[in-house]
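What follows is the residue order along each chain.
There are 4 protein chains.
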Amino acid sequence: MINVSVMGGSGYAGGELLRLLTSHPSCELQAVTSRRYAGEPLFRVHPNLRGVTSLKFQKEDPETIISKSDFVFTALPHGKSIEVVPQLADRGLKVIDLAADFRLKDPAAYKEYYGFSHPHPDLLEKSVYGLPELHRNDIKKAQLVAVPGCMSTAAILSLAPIVSDGLIDPNKIIIDTKIGSSGAGVNLTLASHHSERAEGVRPYKVSGHRHVAEVEQEIGYLVGKGLRVSFTPHAVNMIRGILSTSHTFPNNPIEPRDVFKAYRSKFESEPFVRIVSDKKGLYGLPNPKVTVGTNYCDIGFEIDAHANRLVLFSALDNLTKGAAGEAVQCFNIISNLDEKTGLNFAGMHP
Amino acid sequence: MINVSVMGGSGYAGGELLRLLTSHPSCELQAVTSRRYAGEPLFRVHPNLRGVTSLKFQKEDPETIISKSDFVFTALPHGKSIEVVPQLADRGLKVIDLAADFRLKDPAAYKEYYGFSHPHPDLLEKSVYGLPELHRNDIKKAQLVAVPGCMSTAAILSLAPIVSDGLIDPNKIIIDTKIGSSGAGVNLTLASHHSERAEGVRPYKVSGHRHVAEVEQEIGYLVGKGLRVSFTPHAVNMIRGILSTSHTFPNNPIEPRDVFKAYRSKFESEPFVRIVSDKKGLYGLPNPKVTVGTNYCDIGFEIDAHANRLVLFSALDNLTKGAAGEAVQCFNIISNLDEKTGLNFAGMHP
Amino acid sequence: MINVSVMGGSGYAGGELLRLLTSHPSCELQAVTSRRYAGEPLFRVHPNLRGVTSLKFQKEDPETIISKSDFVFTALPHGKSIEVVPQLADRGLKVIDLAADFRLKDPAAYKEYYGFSHPHPDLLEKSVYGLPELHRNDIKKAQLVAVPGCMSTAAILSLAPIVSDGLIDPNKIIIDTKIGSSGAGVNLTLASHHSERAEGVRPYKVSGHRHVAEVEQEIGYLVGKGLRVSFTPHAVNMIRGILSTSHTFPNNPIEPRDVFKAYRSKFESEPFVRIVSDKKGLYGLPNPKVTVGTNYCDIGFEIDAHANRLVLFSALDNLTKGAAGEAVQCFNIISNLDEKTGLNFAGMHP
Amino acid sequence: MINVSVMGGSGYAGGELLRLLTSHPSCELQAVTSRRYAGEPLFRVHPNLRGVTSLKFQKEDPETIISKSDFVFTALPHGKSIEVVPQLADRGLKVIDLAADFRLKDPAAYKEYYGFSHPHPDLLEKSVYGLPELHRNDIKKAQLVAVPGCMSTAAILSLAPIVSDGLIDPNKIIIDTKIGSSGAGVNLTLASHHSERAEGVRPYKVSGHRHVAEVEQEIGYLVGKGLRVSFTPHAVNMIRGILSTSHTFPNNPIEPRDVFKAYRSKFESEPFVRIVSDKKGLYGLPNPKVTVGTNYCDIGFEIDAHANRLVLFSALDNLTKGAAGEAVQCFNIISNLDEKTGLNFAGMHP
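Protein chains in written order, with our numbering: chain A, 3 to 352; chain B, 3 to 352; chain C, 3 to 352; chain D, 3 to 352.
Here chain A stands alone, though its shape is the one from the complex (with noise of 0.2 Å):
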């Protein structure tokens, strides 16, 4: 067993991720940290864990975590990861962490993207992003991770095999995401205020979200070369799930086996991607209502002949594989384990 503990526990990210270990076999959940809750049940804040576990939340002291775990998984809010993580490292012990900390390899991009100067740009160079889709063998070796947003994630995985392929100019993507309000976390604003969040919605950080400078890094590697997407969210009336729709231009004339074959080839043997595009029945392309609860990413795809253009769509749970899931998964990977260890929910229908 290995022994694990969650600093920033009390968040959405950091519930999922309780749920998630607490039913891992072959993990032992030590600690769990929480500022605000610290002396409180895990269940008073996440009230499906009453009954899976007694533990408690703890006040943030590294040094306890550091004794008690081989491995951390950092759930803390932006910014705020930054400030443990050196110290966990420096101690030899593996992160994982699930905040926007180490996802930037360029230091100057937190500076535009997250208004802070990078204290620690040397981490930022051997932190891995955790994508094991596109980085599998880098996270084998790390020692940190940085969990990729969950927008992100989206994202990139329906775009890398098709801009790997060259099937699409990398200059023209655009990208229009609808998320649901756990997106948000579990902070109180306006925004998320049920009787203004239900039945709209809204388009936010229109341009400049901070989930774009991810995208470009990682669809840039791909291309050898510096790009710049469009993106746009918008926030619907939905709790978990992501639904990312890009709209792509063809280079050349393409048909649906070279798509077909572009995701198969870098996917096929994914144990959490699956390729829906089906052309039948009320679920024949990703729909994020599928995904919840699952570490599943789907993805599928249209060719609007008309227009030239070739629409992705990706779907996934924003607090599983676009956060806590695909953490377990990258510490699956790391440890060795069967990939799919812990993570084998199916979904709900309805």
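Honestly, I wouldn't trust all of these hints.
The list treats identical chains as interchangeable, and a pair is accepted whether it falls inside one copy or across any two copies.
[Unchecked claim] Computed list of lysine-lysine pairs in BS3-like fashion (alpha-carbon distance at most 30 Å, straight line):
#, residue 1, residue 2
1, Lys70, Lys207
2, Lys227, Lys174
3, Lys61, Lys281
4, Lys61, Lys227
5, Lys207, Lys142
Hints listed in this document are in silico derivations from the structure and should not be mistaken for laboratory results.
Model the placement of chains B, C and D on the given structure of chain A, informed by the hints.
Coordinates of chains B, C and D only, in the frame set by chain A:
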């Protein structure tokens, strides 16, 4: 008082018409037809009309309608209006049709998008596309008005001033639409079954949606030649409303004032278009929630300097400004009434 | 034109008042106060008012309000109205208060239910409980009207005629209420956070809810003595609306006609009460969905012969008939206007 | 491995069964029938099963099922199970039926509640009502188990210990239930049409709901005589879940400890019953949201001293503990497996 009737009053757009006409101060609702509900009070189908009107649905008998009415609203299924409208028009009635049967000028488009040969190409020439913001003068004199599709209205209104002013490349327009369940109508389908629809986002008719033809027709007029737009709708968890997001690309560097100028020059005196582009507040950009029950189309934008993109948003209620409200607005125009007559509901918060 | 002002216009009930008053043909909205939003246009908070009014929130200064107004609506938090109403009343203004500060006749009840000693017991005597269906004549002459609580209105209206006619045992009334999120107001709470509220049903204030006091007061009047009702609200996934289910037990065997008679004799000429008890159609019993945005209270019932039970249902929009609409109805009564003035919105389907 | 089959796998309860059985470690799913979808892969109907199983629906042929299976789950419509179960039972298979066909012991009740004469009263005697918390020992030895109705399960579990301990008057039980749309199944109806269902609360089957018969049967056993309960369900805007609120009246003054004692003495070692009655936190009382996808039934209560009332709450997922999960729990019991096998999903937050 103008005597009006509604043919096909049991659907959602028909019901919305009944709501608006029963409280319209200048018209008298004479008859409402429904094959299925003939003999039943209107409120059996549209429960909001209880206590508002004691009218009953009657059989679909054109002669009765003709004898009672100066004006007829047809809210029949696509392909059914065409069977009654010629008769109504021949007998001198004014007709406002909410179906698609007279929206497209090119008869061949009916074959392509609706699967039938249009039997009355002459009426296609005669009919006016009922978008007051573009065709007010023609509507004034029209005998037959074809009310635009709901998603077409949203897209066209946000695009027309921008295209007219030559701000963007008209061959690179990507429209990504989010629509509520009432847009799919009252007919029972698995896609609209609550358990399947709620808590999801479902792309459908990814290419080739019928509303594309209208957008291309109307925007094509403005640029003086044919064009092809990219258009994909998404079914979201919402009852009423459309958010249309148009990703466009400026020909030359633009400033916000250029966009404001384009919109204001065309829409400043429009009674039902609001420019919503505030950069502050939760509702600083269009959100269909705000337009529910109203005849407003809210339009906003943001310039994405990073990707050289101009993102346009428009929000409206698919049943009001997207159907019945637009029909009443056209009725007011033809009838020389104040255009806002009977359309003064301000909408709700929250 | 009557000059009216609103003190406390940034909450949901205040916003609903502003919607109603800005389109009310017989009054002129002079001033709207908000401590938090002074200086901001009303539409910044209530986006539906964009294009409807250019008024701005102003500071809460009673003297300014007094100088501009004949009538003041106070939509301040419970316990805050009490601080300004006496001054307004002293200066001869008519006041309609949407808070609870003047609803209860028994000063001791404020201690029990609201936790403070009421500083103006004299005003409790003077104020009129603003339920037109029970107190129309007193409202006509009132200087100070206390608008009932939303759940109280729903419960009382369904119960009053039945209790008055002696059809049921008044000591065996169980009220089970379902309410939308707007009932909890605009203040941010975890309970109203979209991710927590959506897709759930949450009982709260299982006993001792403040609205019990109003129900017992009003039903107590009718039976001529004190009584105790069972009352439990449930927060459901809905924005606006209340469904109040009252489980009651007949004293003697009853027939539907007895119940219809009780309701019709009291409510037949009520402009805003509809008897909805059809035994057919999807909307044969009250459903708050039908009342959204309207001032209707829909009332229905069913006799359960098996368990010797009479089940009463009432549905209304908590912000309209349950707050601001009822306030405007009282305003119309006091002002000798047609009671439906400014309240003619029919509601929507769907 | 136990060979199991599912007859009638295309509905919602059937789909939930398939989700549970495909991940159940001790059984092998051999065949799934569906008249409508024979030949289609399971994932065409239940999209969550994509990548989970490659099984296809097959025709409803009892002989094939018999040849392949030790155990059959029948998830056929009410009145259809009765046509196949006798044959399966005759051939020695164990059967767990999710329909109502074998739930009631009194053949006459089928006439009253389901409108048909039960053709196999002998099987009614033989079948066991599959509520493990009340009938575990009988289930162990059963050949035919009738899985309780979803609302019955919720109501009975909250009431049984309280009634058994004589804490309340069993002749004054009022059950007010709130249920999600999946409870109405996959069949298309206007009541389940998204536009009609969303944002409303609709009472239905106000008296005479079929689940009453089960509640009266089971609670009647406990009190040793017939009784009549008041029962009314309400359709709310939610996909999965039931909240059952039972308003009951103590015979004598009671304290919280009396209620806790009743529940604990009966349910302390139950694997799927959680006592949720904390008086703190947002989830201090049962909320079906917490149980989605799980086999838990959460039970809580509050004493209303004011009205001398004891309010009981129970929450569960109608498709899991209310149908398929309960079926699997019974299967585990009969098969001498750990009762939690295959049912360890903890549920989600949010």
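Here is what the structure says about each hint:
1. Lys70 - Lys207: neither (40 Å within a copy, 42 Å between copies)
2. Lys227 - Lys174: Result: close both inside a copy and across copies, 14 Å intra and 24 Å inter.
3. Lys61 - Lys281: Only across copies: Lys61 and Lys281 sit 24 Å apart there, 52 Å inside one copy, limit 30 Å.
4. Lys61 - Lys227: neither (44 Å within a copy, 56 Å between copies)
5. Lys207 - Lys142: neither (34 Å within a copy, 41 Å between copies)
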